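Top line first, the protein sequences correspond to chains A and B.
One point on numbering: in UniProt numbering, the residue at position 430 of the first sequence is 430, and numbering is uninterrupted.
One point on numbering: in UniProt numbering, the residue at position 396 of the second sequence is 396, and numbering is uninterrupted.
Honestly, the hints are just simulated from the structure, not real lab data.
Mixed in with the good hints, there may be bad ones.
[To be verified] Simulated pairs of lysine to aspartate or glutamate, EDC-like, Cα-Cα distance not exceeding 20 Å: (1) A:Lys373 x A:Glu441; (2) B:Lys373 x B:Glu68; (3) B:Lys113 x B:Asp267; (4) B:Lys373 x A:Asp93; (5) B:Lys383 x A:Glu94; (6) A:Lys334 x B:Glu441.
[Claimed, not checked] To give an idea of the chain B side of the interface with chain A (calculated C-beta under 7 Å), a few residues: (7) Val56; (8) Asn59; (9) Tyr69; (10) Arg78; (11) Val242; (12) Gly244; (13) Ile329; (14) Lys333; (15) Arg335; (16) Thr336; (17) Gly375; (18) Ala422; (19) Pro433; (20) His436; (21) Cys466.
A quick note: this is a predicted structure, and the numbers were derived from the prediction, not measured.
Even glycine gets a Cβ: it sits at the ideal position worked out from N, Cα and C.
Protein chains: 2
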Amino acid sequence: MTREVDVAIIGAGTAGLTAQEFVAEKTDNYVIIDDGPLGTTCARVGCMPSKALIAVANNFHKCLFFDEYGISGANALRPDYSRIMAWVRMLRDEFTDGVIQEMSTFTDRLIRKRARFIDANTLDLGDERIRARRIIIATGSKPWIPERWQPYKDLIIDTDQFFELADLPGSLAVFGLGPIGIELGQALHRLGVEIIAFSRRKTAGGLTDPDLQTYAFEHFSKEMNIKLGTADIRRRLGNKVVVGCESGEWTVDRILLATGRRPVIQDLGLENLGVELDDRGMPPFDPGTLQIKDLPVFLAGDVNGQKPILHEAADDGTIAGYNTTAKRISCFKKRTPLAITFSSPDIAIAGLSHKELTTRGVEFVTGKASWEKLGRARMILGKAAGIARIYADKKNGRLLGAELMAPAGEHMAHLLSWAVGAGLTAARALTMPFYHPVPEEALRSALGQILKQIDDPAPDFRLELCQKKGDS
Amino acid sequence: MTREVDVAIIGAGTAGLTAQEFVAEKTDNYVIIDDGPLGTTCARVGCMPSKALIAVANNFHKCLFFDEYGISGANALRPDYSRIMAWVRMLRDEFTDGVIQEMSTFTDRLIRKRARFIDANTLDLGDERIRARRIIIATGSKPWIPERWQPYKDLIIDTDQFFELADLPGSLAVFGLGPIGIELGQALHRLGVEIIAFSRRKTAGGLTDPDLQTYAFEHFSKEMNIKLGTADIRRRLGNKVVVGCESGEWTVDRILLATGRRPVIQDLGLENLGVELDDRGMPPFDPGTLQIKDLPVFLAGDVNGQKPILHEAADDGTIAGYNTTAKRISCFKKRTPLAITFSSPDIAIAGLSHKELTTRGVEFVTGKASWEKLGRARMILGKAAGIARIYADKKNGRLLGAELMAPAGEHMAHLLSWAVGAGLTAARALTMPFYHPVPEEALRSALGQILKQIDDPAPDFRLELCQKKGDS
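I would like the entire structure built from these sequences, with the hints used as guidance.
Written out as C-alpha cells, the structure reads:
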C-alpha cells in the first residue's frame, strides 16, 4: 500500500511538531511518523524535568543559609529521593500529557512506525509506503554510549534513563561538565548524592571565554568534587563500578554519562538519498533553508548535529514547515544565539561567544562585570558570585555577545542577547534603565569599560540630551 | 563667617552623592551639607534592607511546598524574628558603611549642619554662611504621619523606624498597598506576623491597568488578609491599637504606615528664593534641566515629589551635577520609565503605564501574557501565577510600555523596558531569542496578539529572511 501525501514529517518531537503546526495550516494531507516515545525530548527527558529537579535541589540548598539569617530547624530537613523523583515524574507527565493531547487532532496522520528512505520522495514503513512531495527529517538526537563502555551499560545512567530512577544512587560519577553534566551533577550534589565529576578541560557548561572557563571551573570545584582529566571506566566491583582518570581511581554506585548527544540517523536509509554523506553519516544541508542539496528533503532540529537547544529546534521546524509548503524555498536568518545552562549560578552565552569572535577574527573589546560584591546577589544565591564578559565591536562599541556565570543569569542572558539582537551599542545600552537593587546593575561597569576601549569617542555623559527644536 | 564655593549640595543621599561625583570632577571647591543620618535612604531604610527581609521571607515561604516535592521536616523550621532583624541590620550596616567610607574623601567639604536659604546664592547654616555660585537641593523625602494620627505616634511604625525593630510585632495593620506596603506586608505575613492590610482601591504596588489591578488585588487577597476601605485609627486598647475601615474594626499590636512619602522641604527657606511656591510648598522646576525657574538652584532626587526611585534620583544627581558645573545649562531626556515592586510575584511597570497612555490619548493596542499555566513559573514561585499587559502603538506595533505581575518580574520588566527604549516593534521583538523553559516565553503570546491588532500588516513569519544579495 502506498499513501500519497504533500508532506511527511519523520519525528514527532519539538522540531517535527512545530513543522506540523505550520504544515497543517496549508494542507490536511500530511503525515507525521514516529515509533518512539511521544512528548518531546525536552518534556520527557530534557529541559523540563531537569528544571524541576534543579528547583528542588536549589531550594533545599538555600536552607543551608537559614541559620545564618535567623531561621532555625533546617538541620531537620531531609530530602526523600524517591518522593522527589516521583514529583519530578508527576510534573514531567503533565508536560508530556499536554504535548500528547494536542496531537489528538492528527488522527490517522500520526503513524507509529519506523520510516526508512527508499528515495528522496518515498519512505518505507515496513507494511506500507509513503510517497511525499516533500519530507522533513526531525528525528532528534539521543545520548550515546561509546562502544568500549557497552559492557558496563547496566551501571551507566544517561538522560533517557535518569528521570525513570525510582531512587537516587548514594554515589555517582558524572562524566562531562557540559550543560547536562553540571546541571544534574550540581543538583544531585546539593541533594546529598556523593558526586565525583570529571572534566577533560578547565571549563563548564559550554563556556568558551578562558576567564569564564577558569572562574566557573574553580567555582564549581569549591562546591563539588571535580577531577580534571579523562574519565574512564576501570572495572566492576560487586554492584559498584570503579572509575578513574589520570590522577586516581574511585568507586561509585553508578555513572551519569553526560558527554554529548548524537543525531538519530541510523536506519533512516539516508544512503538512498543519492547524496554523499559525511563521516558521521550526515547529508549536506543548507543551514538557512534546511534543505538537503536540491532534494525535497529538509533536516530540522537536533538531528542536524548543532546544539540541542529547544527554541532553535522549534525555529528549524518552522523553517522546514514553511519550505515544505511554500512555492519557493526561502532562506531564514538564525536568531541571535542564546544558550543557557541552569547551574547555580546560571551559565550563559548570549550572542557570539568568545570562541566564535576569535575564530572569525573579529576586532572586539571586552568589558568585565562582577557580582562578587553585589549585595542583591548574595540574597539570590546565598552568597555573591558571578562574572560576565561582554564583547563589543572595537570600532563603534556595538554589542556582539557575552559569556557569563551570574545570579539570575538566565535573565541577564536574555537582556544581553536582545541588546545584541537590537543592535545596541554599549553607549546606548547605558541609557537604558537599570533598577536598584537588581543583578542587571552589574552589567553597567562592563558597558562603561567598553566605552573606554573603543575607537569612536565615548559620550561624556550617560543620559541623552533632549532633542533640540527642529530635530526630527 | 562666609565660605565661598562653586557648588553647594544640600543632602548627602543618592541624588546628592551622585551630583557630588560629577561636581568633584570639575572643582574642589564645593560643599555637601547634611545634618541627618548618612548612608542614603535606600541603603538605610529603603530598597536594600527591605530586599534582605523579603529574601528571608520568600525563602522561608518556599518551605511550605517542601513536603509536596519530597523534602520532609519543614514543619520544624522557625523564624526567629530578633535574629532575622539583626541579620537585616548587619547587611544594612555593610551597605551604609560602604557609602559612608566613600565619603571620607570629602574631608571638610562635608558639613553636618542644617541649611536654610537666605537667597538663591546664600545658605545659612546657623554659625556660618555658604555663598555658592550654584546650589543643588537634594534633601530627599521621608514618611509622613497625618496630623490626626500624631497622638498614636508610638503605635505607628514607618519605614524610618521599621528596620530598627529589635523584634517583630505579633500583629500588624498595614495602611496602604503601594510598593512599600505590599513588599513589607507580604514579607511579614510570610514570616508569620498576623497582617491586616488596608487599601482604598482594588490595586497594589502602583499598578494602573484595571486588569492588572484586579488581578493583583485578588491574588494578594488570597494569600493575606486585605480589607478594601479607608483605614483609620479608632482608639488605644491597652498596649494595642484598634484600627478600622468601613467594614469593621480590628485590634493589632502596631500599625505599619505605608501611605506615601513627602519631599523634605520644610525649614529650607524656599520662600526666600523669590519664586512662587505651589500649595505643597514646592518651587516650579524644569524636569529636563532640574533648574528652578532661572535661578542658580536645582532640585534633584526624591525631593522633586516624583516617584522615589533610586536610579532616577541618581540620574537627577548627574543632571544637577552637570548643570551646576557646565557653562551652559542642558536639558536631558529621562530614561525609559521602570518601576518595580518586589512583591511575590514581582509587580512592575516598564515604559509608559496604562494610565499615562490613556491620559495622553495615545492610540494603543494591548497584548496579554499569562504565567498561570507555565511549568517553570510553578518551579520559581511554588505555584504558577502572573499576568502582563504589553502596550504597543496601534499603527506600527512599536512597544510603548507594559504592566505586569510575574515570576522573575523584575527581569521581565528590564527586558520590556529595554525593548521599549530600543524602539522595538512587537514583530521585531518576536525575532529575539526566547530560551526554553524560561518565564520570558510567556511574553511571546502577548507580542503575537499585538501583531493581530495593529494597522500595519503583520509579517506571516516570526523569523527574518536572509538578506538578498545586493541588500546592504
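Subject >> Restraint outcome when Tyr69 (chain B) is required to lie within 7 Å of chain A by C-beta distance >> reply: 4 Å, holds
**OP:** Using 7 Å as the Cβ threshold, decide whether Cys466 (chain B) counts as touching chain A.
**Re:** 4 Å, holds
Original post:
Once the shortest beta carbon distance from Thr336 (chain B) to chain A is found, is it less than 7 Å?
Top reply: With Cβ-Cβ at 5 Å, under 7 Å, it holds.
Original post:
Measuring from the C-beta of Ala422 (chain B) to each C-beta in chain A, is the shortest one below 7 Å?
Top reply: 4 Å, holds
Original post:
With a cut-off of 7 Å, does the beta carbon of Lys333 (chain B) approach a beta carbon of chain A closely enough for the hint to hold?
Top reply: 4 Å, holds
Subject >> Given hint Gly375 (chain B) near chain A, where the shortest CB pair must fall under 7 Å >> reply: 6 Å, holds
Original post:
Between Lys373 (chain B) and Asp93 (chain A), does the CA-CA distance stay at or below 20 Å?
Top reply: 15 Å, holds
Subject >> Hint check: 7 Å Cβ-Cβ cutoff, His436 (chain B) to chain A >> reply: 4 Å, holds
Original post:
Holds or violated: is there a CB of chain A closer than 7 Å to the CB of Pro433 (chain B)?
Top reply: 4 Å, holds
Original post:
Are the Cα positions of Lys383 (chain B) and Glu94 (chain A) separated by 20 Å at most?
Top reply: 14 Å, holds
Original post:
Would the stated hint for Asn59 (chain B) survive a check requiring a Cβ distance to chain A of less than 7 Å?
Top reply: Nearest chain A Cβ about 5 Å off; hint holds.
Original post:
Can the restraint linking Lys373 (chain A) and Glu441 (chain A) be considered satisfied, given a maximum Cα separation of 20 Å?
Top reply: Roughly 12 Å separates the two Cα atoms, so the pair holds.
Against the hints set out earlier in the document, violations occur for numbers 11, 12, 13.
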